[in-house]
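Asks: The primary structure of each chain is shown beneath.
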Amino acid sequence: MTSPALTTDITTLSGQLRLKVLELYNKAHAGHIGCSLSCLDMMIATLILRKQEDDTFILSKGHAAAALYVCLNHLGEITDEQLQSFYKNGTTLPAHPAPNKHKGIPFATGSLGHGFPIASGIAHANKLQGNPHAVYVLMSDGETNEGTTWEAAHYAIQQGLDNLTVLIDKNGLQGFGQTADVFGDTADVAKWKAIGFEVVEADGHDVEALLVTLDTLRLQTNGKPKVIIAHTVKGKGVSYMENRLEWHYLPMTADLYDQACSDINDRYFTA
Amino acid sequence: MRKEFSAAIERIAATDEKIIFITGDLGYNALENVAAIMGPRFINAGVAEQNMVGVAAGMAYKGYKVFCYSIAPFAVYRCLEQFRNDVCLHNLPVFLVGNGGGYGYGIMGSTHHAIEDLACLSGLQNVKTWIPAFADEIDPIVDRIVADGRPAYLRLGAGPKTPEGSETTGSFKKVVSSENPKGTVVALGPVAANVLKALQTSDTLGHQFDVYTAMNLPLDLPSGLGQQWADSHNLLIVEEHVSIGGLAQQLSVKLLENGLSFRQFVSLSAQGYPDGLYGDQSYHQQQSGLDSTSIQEKLAAFL
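First to last, the protein sequences are chains A and B. Letter by letter, the first sequence follows residues 1 to 271 of the UniProt record's numbering. Letter by letter, the second sequence follows residues 1 to 303 of the UniProt record's numbering.
Since the hints were made in silico from the structure, they are not lab data. What you are looking at is a predicted structure, and each value in this text was computed from that prediction instead of being measured. Watch out, some of these pointers could steer you wrong.
Each pair of labels, with its calculated beta carbon distance range [claimed, not checked]:
(1) A:Thr92 to B:Thr111: 39 to 47 Å
(2) A:Thr92 to B:Gly206: 42 to 50 Å
(3) B:Glu164 to A:Gln52: 57 to 65 Å
(4) A:Lys88 to B:Gly165: 54 to 62 Å
(5) B:Ala35 to A:Ile195: 23 to 31 Å
(6) A:Lys27 to B:Ile244: 37 to 45 Å
(7) A:Gly160 to B:Gln200: 55 to 63 Å
(8) A:Pro251 to B:Ile244: 34 to 42 Å
(9) B:Leu256 to A:Leu75: 47 to 55 Å
(10) A:Gln52 to B:Asn258: 51 to 59 Å
(11) B:Tyr77 to A:Gly184: 21 to 29 Å
(12) B:Thr169 to A:Ala194: 55 to 63 Å
Every residue, glycine too, gets a C-beta built ideally from N, C-alpha and C.
With the hints as constraints, model all of the structure from the sequences given.
Replies: In structure tokens:
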């Protein structure tokens, strides 16, 4: 697969896309920054570097829409002009992905717990059609609280959907607290193993390692659906946002935007 | 209607390989024939209705036309958000099928009744809800749902055969014609049988009313039809569904938009559980004034 990303190194790409995410949220004066930065590297690995033409990628944690949009912009599926309409009246790129507007956004998401059942349906359809296409669905760890997660998980196991890979962005924070304190750890490795998933624990910011994991899992056809439980840092790359709940919600001031860009430049471009 | 529905699915699935049938673990003694003929395209998705509809959306995205079957309340309420977000917003061919609409499950109790289903579903984007009154309507409706290829809900009940000489216009089917009607009755679903019984068992009401059934929502009220009803001066709406969001309310808007008025406009609808007691479907119809005797009283007041 030829990808525009191969013309640059992965760390630089991660930094460039982080700056784009920050620019979008700064212009929109909007929140959901921390959760976009926590899953961006997983999306670089999956959506940009490994998804094949007829594979499906669904961002189930739709609140990280900006991360999805910059990745699709990088792939040429969203134009620069469209990207600049983010959050504006008349846009096709609202705060959560909208239906029927972009090829790279097969389903509207935003209400948590929807992407996994849909992805299971697509994977099952692929099985019925006898095609080799893979299905990826990216969820947040808080999202795994939803009962549909466990309905879909058992469905995927029962139907032998080994063409389905769930990616969990395990940043340890959810809407109003730490996941461990709110609902217990529903993104726990032992739980997913116990119900019959092929489970891989990973560093959600190590793109090279994620690529190896994705390649390895793709070759496994043992009838088990797969889950990558990826440890991540909410607000990754911006010092004052990292592991801070408030950066699920807050917009940046002008000064904080400058500092955020400075952090990204220091960490991703000058090493 | 469950038997007719099962036969219709068996028929279309035999020739259309894009048909998928998902059940929420229901269908004993009704869907075995469907399972046998469809093989892997018949899926028991377990007692997990939200996942069932999400899965259906994913399959429809890949080109399938997907029926999701359960008891009416389970097919509607638990998975309402999945149907709204995953199916209707994307205008995908996923068809909810609810058996036992209204008080159809009678003594099974309130959890098994669906008397607000049409209010929940008929306002969603791109959807069409179908409420057959007669068993022989199922076959053509299933064909129509598949041909339309858009989100749909089919509410099954228990109904007789369509009266001879019936004519369809828009969302409505004229099932009784009178020469100089003193009023018009519009009924929704199998409770239409109570209207027909009310007329057939009365010495004075016969041949004095036109009777229509409303077969689908949102309503398609053809030009001129509302005027015919207004010319009869009196309108009675009968539905085994709550008044809010049901036939009477949706029809009222259409009639008002057309500047039509009536000497008397009476709406008979499901009243829920007014005495907090439970019984069979007939008991609940009686409690709501939907039985043939209550209908006779309302029609007599028109004369």
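Asks: Taking the hints in turn, state whether each one holds.
Replies: So, going through the hints one by one against the coordinates:
Separated by about 41 Å at the C-beta atoms, Thr92 (chain A) and Thr111 (chain B) satisfy the suggested range of 39 to 47 Å. For Thr92 (chain A) and Gly206 (chain B), the hinted distance range of 42 to 50 Å is not satisfied, since their beta carbons lie about 59 Å from each other. For Glu164 (chain B) paired with Gln52 (chain A), a C-beta distance near 59 Å keeps the hint of 57 to 65 Å intact. Between Lys88 (chain A) and Gly165 (chain B) the C-beta distance comes to about 58 Å, which sits within the given range of 54 to 62 Å.
In this structure the hint that Ala35 (chain B) and Ile195 (chain A) lie 23 to 31 Å apart at CB holds, the actual value being about 26 Å. Restraint check, Lys27 (chain A) to Ile244 (chain B): a C-beta distance of roughly 43 Å satisfies the suggested window 37 to 45 Å. Checked against the hint of 55 to 63 Å, the C-beta distance between Gly160 (chain A) and Gln200 (chain B) comes to roughly 56 Å, which is consistent with it. About 40 Å separates the C-beta atoms of Pro251 (chain A) and Ile244 (chain B), a value consistent with the hinted range of 34 to 42 Å.
Taken as a hint, the range 47 to 55 Å holds for the pair Leu256 (chain B) and Leu75 (chain A), whose Cβ atoms sit roughly 51 Å apart. Between Gln52 (chain A) and Asn258 (chain B) the beta carbons are some 55 Å apart, a value that agrees with the proposed interval 51 to 59 Å. Look at Tyr77 (chain B) against Gly184 (chain A): about 28 Å separates their beta carbons, and that is inside 21 to 29 Å. Here the CB-CB span from Thr169 (chain B) to Ala194 (chain A) is close to 59 Å, well matched to the stated 55 to 63 Å.
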